[in-house]
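**Student:** Protein sequences appear in the order of chains A and B.
The first sequence begins at 1 in my numbering and counts up one residue at a time.
The second sequence begins at 431 in my numbering and counts up one residue at a time.
Derived from the structure by calculation, the hints contain no laboratory data.
These numbers were taken from a predicted model, which means no experiment stands behind them.
This list has only true hints and no planted wrong ones.
Some, not all, of what chain A presents toward chain B, calculated at C-beta under 8 Å:
1) E193
2) G194
3) L195
4) S197
5) S198
6) I200
7) G204
8) Y271
9) E319
SDA-like, lysine to any residue: derived pairs with alpha carbons at most 25 Å apart:
10) B:K506 to A:V316
11) B:K636 to A:Q199
12) B:K636 to A:L195
13) B:K553 to A:A403
14) B:K550 to A:S310
15) B:K550 to A:E312
16) A:K337 to A:W405
17) A:K314 to B:T523
18) A:K314 to B:E484
19) B:K553 to A:E311
20) B:K550 to A:N323
21) B:K636 to B:L681
22) B:K458 to B:G435
We treat Cβ as the ideally placed atom computed from N, Cα and C, and that holds for glycine.
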Amino acid sequence: VTATFKNAILFDPSQRLNEKGSIVVEGGKIVDILKDKNADSGKVYDLKGQYLMPGFVDLHVHFREPGQEHKETIGTGTRAAAAGGFTTVCCMPNTQPVNDSSFVTQYIMEKIHQQGVVRVHPIGAISKNLEGQSMAAIHGMIESGCVALSDDGKCVMNAYLLRKTMEYLTSYGIPVIEHCEDDHLVGQGVMNEGLVSSQIGLRGIPHAAEDVIVSRDISLCAHTNAKLHLAHLSSRGAVEYIAHAKARGLPVTGEVTPHHLLLTDESLRSYDTHYKMAPPLRTEADRRVLVDALRSGVIDCIATDHAPHSEEDKDVEFERAANGVVGLETAFAVCYKLVEKKELSLERLVESLTYSPSRVFGFSDRGQLKKGLLADFAIVDLNKSWKIDPQNFFSKSRNTPFAGWDVNVQVTSTVVAGEEIFNIEKGICL
Amino acid sequence: MDLLGRSLLDIPDLRREEILFLLSETGKLKAKTKGTESILGGHVGRSVALLFFEPSTRTRTSFQMAAYRLGLRTLKLDGSTSSAQKGETIFDTARNIEALRPDAMVIRHAGSGIPLQISKLLKIPVINGGDGFHAHPTQALLDAFTIQEGFSEFKGLHVLIVGDISHSRVARSNIHCLQMLGAKVTICGPPTLIPPLARELGVEVKYNLDEVLPTADVVMALRMQTERQNSFQIPSLKEYTTRYGITSERLSKIKSKALILHPGPVNRGIEMMSSVLRDPRCRVLEQVQNGVLVRAVLMGHILGVLK
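Build the full structure now, drawing on both the sequences and the hints.
**Tutor:** Now the structure itself:
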């Protein structure tokens, strides 16, 4: 199958590509990139001057299948991904049952095959049932398709277990992903510990809860030389440790979520549970450090930590409410606010959604506009205002802190393997 | 002052003049009634719902008595008889109680922010009867009234709050209220029980009680939750008392004209010795009596039965 995407602005910051042109795809791959020229092979899509970017890659989503299909399935989650311009997502193992063996991985792979509208790669558990006690069945999970291991949602509190898992993984070359929050320092905390928590009377989680684990894990990384990826960073102290580790040449990478880049604990004054997540929203000083670290590359990429929850899990007392927010459908539009505020360049924003996350997981076949790579694209209108309305989400869940935001850019089409799978007018195209 | 139909969730909901108005009305009422007989007789058909999702004797009975003084009917619902255990959310419970058509609702809950969140859902006024570690505005008003009875003005007064400030809604509301009225507030306790960045709340923070005690015009001791000693916050209650208890020995360091307050209930022998409760400077029972009057004045103006 051949198709041409013409009248596009080809935008790939990893190659400093930003010019008019066309892309020809065949057999799901890019076969030609024509700068300042148009072609008409096969099915022709006229992009009318919109931006064509590599499809976005999200290393961190929760698709709740198996076990909590009322919150999200691989079918609905990948539709949400498509609507947000994401063509590759990696789903965390904290399902029910936990993805801690080849059986569960194979079940998920089958669902991906049946229902997935974008590429999905599962992440396996580090420990059996996420209990932090003993290693999960690592080989079978990796053989069945897992691309990384993580106990995300929980921190691996046993440093010895983590050390041994990291050592073991050096024989595969895949990363461990840490959820950096010390259980004891989190305690009963439900928000950032600081002036706002002191004023509004919610129990705080100190920055140190994240910092001590980041520091510990970097030491283990230095000891094992295993790949370490640090999930959803929130604390300015953690950023300093990572900068130092990178300067030493350690194989450490990090991600940050759109909500930690855009929101602070000031939002908690409403006690709205849509601002409750782990790790918590921190202060403006942290937010600025996170944006700076993303800009400089100390933090490698943006990941949504898309965490669907039902209304029943959120519409309760703050202490009892579930942690997490959905993010796939709003990530690009809300992060573009950083470009509008001149805190981040469009180039770095797009790179941290495409090339950078692809490098973190070693996806060498995507994340750039190059001949021979997968024909996965996000097509974006940088001049289209709309209001975020959770009722229009493809996700089964509506738990977003960005409801009602006016945003000025829109993903208008998403292409996987050369085929348009989402279009703003038609919805999901299958 | 127009308090009619308004909610009171936190002290900053009130302007300084409104606080002074409530204190002055309470004073007039106290002079008129001597704090005993009913204030305005019966108001047939007016009612207030008391939703206490957290055990409380003092605050609930105080609101109840205040309602009786105004001639209001009360509708009581506490945690153990509520449908919280039956799977109904707290917000549904509040909506259902509102559908019974009370004229106002008083809410006490262990979770910070619950009265605020409920007030956004309801049309009737909500009075915060204490939420988590967040706020207890009627306690702050009754404390301010009790302080005002002892001193002519707040300006220049030094109020010392001693104890577990971190987990105290009473401390938070008192800090707001006393600062608005012009008093200087110092908080004192072990560092583990002082909120993070407390100085940014505009208070002095002291760890040595004996140093600061002689400078205080009001000494407010807070209730010590006995479980704190098992959660790495203090080594033992005995050690707490040694450092921060208002003991007989410390009484001599307190100014002769000072007031000693406690929001109750008092752990005798932990934060306060029995001898302190007998000291003439101690106004604990006065606080309880004033609480009824302050709450009656507040509810009376919110419901429009007092003018």
